[in-house]
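2 protein chains.
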Amino acid sequence: MNMSPLVTSAVMHFGEMGNRWGFNRTVGQILALIVLHEEPLSAQEIADALSISRGNTSMGLKELQSWQLIKQHHVPGERKEFFVPAGTIWVLANRVFEERRKREIDPTMSLLRDLMMDTPSGEKDIAVQARLNEIHDLLESVTAWSQELQNLGPEKLDTLMKLGAGVGRILELKDKLLPAKSN
Amino acid sequence: MNMSPLVTSAVMHFGEMGNRWGFNRTVGQILALIVLHEEPLSAQEIADALSISRGNTSMGLKELQSWQLIKQHHVPGERKEFFVPAGTIWVLANRVFEERRKREIDPTMSLLRDLMMDTPSGEKDIAVQARLNEIHDLLESVTAWSQELQNLGPEKLDTLMKLGAGVGRILELKDKLLPAKSN
DNA sequence: CTAAACTTTCAGAAATTACTGAAACTTTAG
DNA sequence: CTAAAGTTTCAGTAATTTCTGAAAGTTTAG
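Protein chains in written order, with the numbering used here: chain V, 1 to 183; chain G, 1001 to 1183.
It is worth saying that the hints were derived from the structure and are not from the lab.
Every residue gets a Cβ at the ideal spot worked out from N, C-alpha and C, and that includes glycine.
Be careful, since some hints might not be right.
[To be verified] Calculated from the model, a selection of chain V residues having no Cβ within reach of chain G, i.e. all distances over 10 Å:
1. 42
2. 53
3. 68
4. 84
5. 86
6. 103
7. 125
[Claimed, not checked] Result set (DSS-like, lysine-lysine): computed pairs, CA atoms no more than 25 Å apart in a straight line:
8. 1162(G) with 102(V)
9. 124(V) with 1071(G)
10. 156(V) with 1162(G)
11. 1062(G) with 1080(G)
Use the sequences and the hints to build the structure in full.
This is the structure we're talking about:
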């Protein structure tokens, strides 16, 4: 399995970006390869194409499965396992978002809640707790919003996008049009 | 400058989360300390409070300034520099978002654009380019959206939030109410 | 200009994270 | 059951990232 120059460029880039996206180089490369290669790939083919050890490949595949970005694909006559993307690009992007939220936001929200319950040990701590509360609320808003967008799906997101700077306007409009609605 | 247990917990946590958020432990700790401590802090005070070397502190402060998360604050009679947050929590959150976009999305968008211009070296590359295009468009949507939200400001974001699952509905409503509007 | 107060830089050390490859494990065909 | 085909684990090594502290640099008071 030799990669075309096009695929090689993309795979290398996703590898370099890997750590910024929450996984390591190898994992990024494997993901790119599986997504761009339409045929299902075996672990051995992946290891060969990327010139990485079989063990590392196994680790990478395991991690990608834990992120639910790839899934196994059983080919009838074959003994070995093959791998394919777990869904459309949109689905994959959502999974990455969600997984990162779990790792980057949720633990902090949880801690902030705990700290806000603690008895402040002095004057200053009251101000500190107010700040912590502010951070908590902001994270909560952002989280809720990203989930909202995920539920919309790609087409509606696109429509909404085309509103451009009009979102604020729609918002005002809504206040006038639906004054009685509670949600 | 000794930190209360409350502040210590928060600072330690932000340190641990640091690498997930795009900077290292020390940088995370320094940021938390500056944000939670209402009085301006000197580099030496920060180094002492966190028990880190003066050099490391200097690096960290430099990086936080490059992210525009803190700014220098000159105290009249004093010779040394003090540091304070560069704005409200909302402003800081936006800066982090934007900086991460620059590091995590922009380079990929740029590469994808380039690869889509390349002459495909075979049948399969045409399909690959279609995929790359799909990824590009998705990233573009998400980027544009996050910028949109940043422009809204925290209060409107909150109002929008309260719509909850109603955003989709408003969208439909808008189609009926503003059919002639082009944007 | 000089000295004191303070900051930054950077080479090397320490800590962390990723990768290899051999051994252990699992599954299935016969 | 056994052997073959395949996968996973993990101890040790390699690569990368972060931190320290001493030396070099900068600024200002006098």
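Hints, verified against the model:
Against chain G, the non-interface label of residue 42(V) holds: every CB pair exceeds 10 Å, the least being about 18 Å. For residue 53(V), the condition that its CB be more than 10 Å from all CB atoms of chain G holds, with the nearest at approximately 25 Å. Every Cβ of chain G is farther than 10 Å from the Cβ of residue 68(V); the closest lies at roughly 17 Å, confirming the non-interface assignment. Annotated as non-interface, residue 84(V) keeps its C-beta farther than 10 Å from every C-beta of chain G; the closest such distance is 13 Å.
Under the 10 Å C-beta cut-off, the non-interface status given to residue 86(V) relative to chain G holds; the minimum distance is some 15 Å. Look at residue 103(V): its CB is around 6 Å from the nearest CB on chain G, not clear of 10 Å, so calling it non-interface is violated. At roughly 5 Å, the least C-beta separation between residue 125(V) and chain G is not larger than 10 Å, which violates its mark as non-interface. Between residue 1162(G) and residue 102(V) the CA atoms are separated by roughly 22 Å; this keeps the pair inside 25 Å, and the hint holds.
Distance check on the hinted pair: residue 124(V) and residue 1071(G) sit about 22 Å apart at the alpha-carbon level, within 25 Å; holds. For a cut-off of 25 Å, the pair hint linking residue 156(V) to residue 1162(G) stands: about 19 Å separates their Cα positions. With a C-alpha separation of about 15 Å, the suggested pairing of residue 1062(G) with residue 1080(G) holds against the 25 Å cut-off.
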